[in-house]
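Engineer: This is what each chain is made of:
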Amino acid sequence: MPTATTKTIDINVRHVTRLEGHGNIVVRAKDGVIEKNEWQVPEAPRFFEAMVRGRSFEDIQTVVSRICGICSVTHSFAALKAIEDAMDIEVSPQTSMLRLLTHYGEQLESHALHVGYLVAPDLLNQKSVVPLATTHADLVKTIVEIHRVGNLVMEKTAGRKTHPIRLLPGGFSMLPSEAELRELMQALEDTLPRLEALAAAIADVSGKLPSFERDTEYVALVNPPTYPFYEGQIGSTDIEALTPVADFESVVNEYVHPQSTAKWCKWHRESYAVGALARYNLNADYLQPAAASAANSLGLTKGVCNPFLNNVAQVVESFQVVERSLQLIDVLLSTGITEERPRVTPKAGVGVGGVEAPRGILFHKYEFDDDGICIRANLCIPTNQNHANIQLDFEAFVPQIIDREQDEVRHLMEMLVRSYDPCISCSTHFLNVEFI
Amino acid sequence: MMKPRIAIFDFACCEGCQLQIVNMEDELLSLLEHVQPVEWREAMSDQSDDYDIAIVEGSITREEDADRLREIRKRAKTMIALGACATLGGVNKLKNLFELQEVKTEVYGESANLPILETARVQALHEVVDVDYRVEGCPIDAAELTYVIKCLLIGRTPVAPNYPVCVECKLHENVCRYEYDEICLGPITRAGCGARCPSNAYWCFGCRGPVDEPNVHAATQVMEQYGKSVEDLKVKLALFGTQ
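So the sequence lines, in the order shown, correspond to chains A and B.
By the working numbering, the letter at position 68 of the first sequence is numbered 68, and the numbering carries on one by one without gaps.
Quick note, the working numbering runs 436 ahead of the 1-based positions in the second sequence.
Hints in this document: simulated from the structure, not taken from any laboratory.
Keep in mind it's a predicted model, so treat the numbers as computed, not measured.
The beta-carbon is built from N, C-alpha and C at its ideal position, and this holds for glycine as well.
You may find that some hints are simply not true.
[What the hints assert, rightly or not] Straight-line Cα separation of at most 20 Å, EDC-like style, residue types lysine to aspartate or glutamate; simulated pairs: (1) B:LYS670 / A:GLU58; (2) A:LYS127 / B:ASP577; (3) A:LYS7 / A:ASP403; (4) B:LYS670 / A:GLU189; (5) A:LYS347 / B:GLU618; (6) A:LYS156 / A:ASP138; (7) B:LYS670 / A:ASP59; (8) B:LYS510 / B:ASP486; (9) A:LYS141 / B:GLU463; (10) A:LYS156 / B:GLU461; (11) B:LYS513 / B:GLU461; (12) A:LYS141 / B:GLU469; (13) B:LYS664 / A:GLU58; (14) B:LYS670 / B:ASP648; (15) B:LYS670 / B:GLU660; (16) A:LYS127 / B:GLU660.
[Claimed, not checked] Stretches of chain A that chain B covers, calculated by requiring three or more beta carbons in the stretch to come under 8 Å of a beta carbon on chain B: (17) 60 to 70; (18) 399 to 410.
Next comes chain A alone, as it looks inside the complex:
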């Protein structure tokens, strides 16, 4: 514990940069006593859960994809799985494989974007990726190529990089050709050595990541013997038992914190964390070879609780999704693509879809009437689930760094927030806090 000092700081970061969405950091200390230490979210709420009411089940995916630009595929899949759950719609194995391939594409694209464009500048002492293009030209080129392949996968399987077009309840409106799958296979094979280069670069600067630890509950999809992103039950590092996705409301337990009007989430403790580090801590045993090797060389081990290592876990997951994508394409090419297009008859029902977004576990729940019109919706976003954990990290971290220069404290707080890869536009579909 730092000794009492005469330290006075006044940090008021409005709209943290290099972050998806609008978040504020407010830290005030006088004579070494911390008076205020808050993570705030002033993003304009859009009220998606209210907005989807009255929409046909056919249009839900189109609307909720627009919750987020970076994880639009994930939102689409959570919605489609919920609709299929509600209306007992089966999907073919081919559809499942293609969806997983699309999903992996988004993980790769999002992780490359986050680690390469938004976090790397901090580790390399720049304000953005723009100057890095001059100071670290090769590295930036590598990151851009990795990002491009993630986008290519989504384009070829879902019709577009952002806001997928081909996704329907029950399947796809159009399928990739075998030639396109071969193109993807080549691009993904070329990505592995680039990921090695990225991992090496991160390992070089990993000393810049603060060694801050706080014992944390981690929550993610679990589905042995796989490292799941699309299918599974809800697992926690605090308990052995798994919870079905349909019961997610008993997991997220939204509550209003007495000191704030933000709705937070908790399960077995006052907060929990979701995201790459959570997935890693729960599923590391099932990593593919190159991913496991990368984890090793990056010094990641099961049970770590340093939030800054979330970005290291994202690099490891990038290997994982590339290796798995290559396996999927292999299977698809051997079985061949069968032309199929779903035709669905709606019916009344309630359904839940749970999938892993790049930044954590996401739940969509909908209720439909006999004509397939949405009556009610409940969406629980990964970043929402992280807000409470970020706040508690603030409370543990600030006392440890309070003696440093104000600017350094501010920068470290920003890096802490960025490590979570928050997607604030997503989380403010139903959450808004602004007070100073």
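Based on the hints, put chain B in the right spot on chain A.
Structural biologist: What follows is chain B alone, placed relative to chain A:
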């Protein structure tokens, strides 16, 4: 010659349109040889108070955002509205179909009346300030934004297509989506996307907004020919804010 100073802002949106700028990759670096980005919160930590071109994504959903937009308008010589949320209101406008109080209560329950949860009817940017140029779509196609910026750099007026998506759909030799018993907004939606969705065997949902004077008579005929009603069309139109 001074490079024009460009700033990028966003309001209520998913930031997917800004992501298309990031997705430009090499082309972005090439573009940066001709313009100087002075503020772009999502990707840079620099900030600035004056700019030549303001690119704005997102809708206006609160009075404080309308104020912030007016402030940006004062400081920018040219304002470009980026994407459906900014040009039309986008999916955000679905909220306008409901009573505001009811929407807040549905989502926040008993916390609904807290002052910080204030929300207003959703507006596109041009409903609050004058907008000089619009790049349509959800998301935008970065090529269209590049086109607008290039025009501004050489002093030419950018032109957006004023014919419906059907024209591009036919050029792609697609079978009409109405033949598949779907309701497609192509007949009244502004082209420029290359009929991307119908080319992916998916109906057009009008994310680029209507052409200037939609041929409603012809659209009605198409609806009747395929046994659909204009009511069906209106339900689909609400998705991206076209009223």
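Engineer: Now tell me, hint by hint, if it's right for this structure.
Structural biologist: Evaluated hints:
1. At most 20 Å may separate the alpha-carbon atoms for a hinted pair to count; LYS670 of chain B and GLU58 of chain A meet this at roughly 15 Å.
2. Of the pairs offered as hints, the one joining LYS127 of chain A and ASP577 of chain B is violated, with about 27 Å between alpha carbons and a cut-off of 20 Å exceeded.
3. Simply put, LYS7 of chain A and ASP403 of chain A have alpha-carbon atoms about 7 Å apart, close enough for the 20 Å limit, and the pair holds.
4. This hinted pair does not check out: LYS670 of chain B and GLU189 of chain A have alpha carbons roughly 47 Å apart, beyond 20 Å.
5. Restraint check for LYS347 of chain A and GLU618 of chain B: the C-alpha separation of about 19 Å stays at or below 20 Å, so the hint holds.
6. As the CA atoms of LYS156 of chain A and ASP138 of chain A are separated by approximately 27 Å, the hinted pair breaks the 20 Å bound.
7. As the CA atoms of LYS670 of chain B and ASP59 of chain A are separated by approximately 14 Å, the hinted pair is consistent with the 20 Å bound.
8. Between LYS510 of chain B and ASP486 of chain B the alpha-carbon distance is near 9 Å, which keeps this suggested pair within the 20 Å criterion.
9. Our distance criterion of 20 Å between C-alpha atoms is met by LYS141 of chain A and GLU463 of chain B, whose separation comes to about 12 Å.
10. Restraint check: the Cα-Cα separation between LYS156 of chain A and GLU461 of chain B comes to about 18 Å, which is no more than 20 Å; the hinted pair holds.
11. Between LYS513 of chain B and GLU461 of chain B the alpha-carbon distance is near 27 Å, which puts this suggested pair outside the 20 Å criterion.
12. Using a Cα cut-off of 20 Å, the hinted pair LYS141 of chain A and GLU469 of chain B holds, with the two alpha carbons roughly 17 Å apart.
13. Straight-line distance between C-alpha atoms of LYS664 of chain B and GLU58 of chain A comes to about 16 Å, which keeps the hinted pair within the 20 Å bound.
14. Between LYS670 of chain B and ASP648 of chain B the CA atoms are separated by roughly 17 Å; this keeps the pair inside 20 Å, and the hint holds.
15. Note on LYS670 of chain B and GLU660 of chain B: the hinted pairing holds, with a Cα-Cα distance of about 14 Å set against a maximum of 20 Å.
16. As the CA atoms of LYS127 of chain A and GLU660 of chain B are separated by approximately 58 Å, the hinted pair breaks the 20 Å bound.
17. Coverage of the stretch 60 to 70 of chain A by chain B holds. Counting CB-CB distances below 8 Å, 7 residues qualify, and the rule asks for three or more.
18. For a cut-off of 8 Å, the count of residues in the stretch 399 to 410 of chain A with a CB near a CB of chain B stands at 0, and the three-residue condition is violated.
In the structure shown, a violation is registered for the earlier hints numbered 2, 4, 6, 11, 16, 18, in ascending order.
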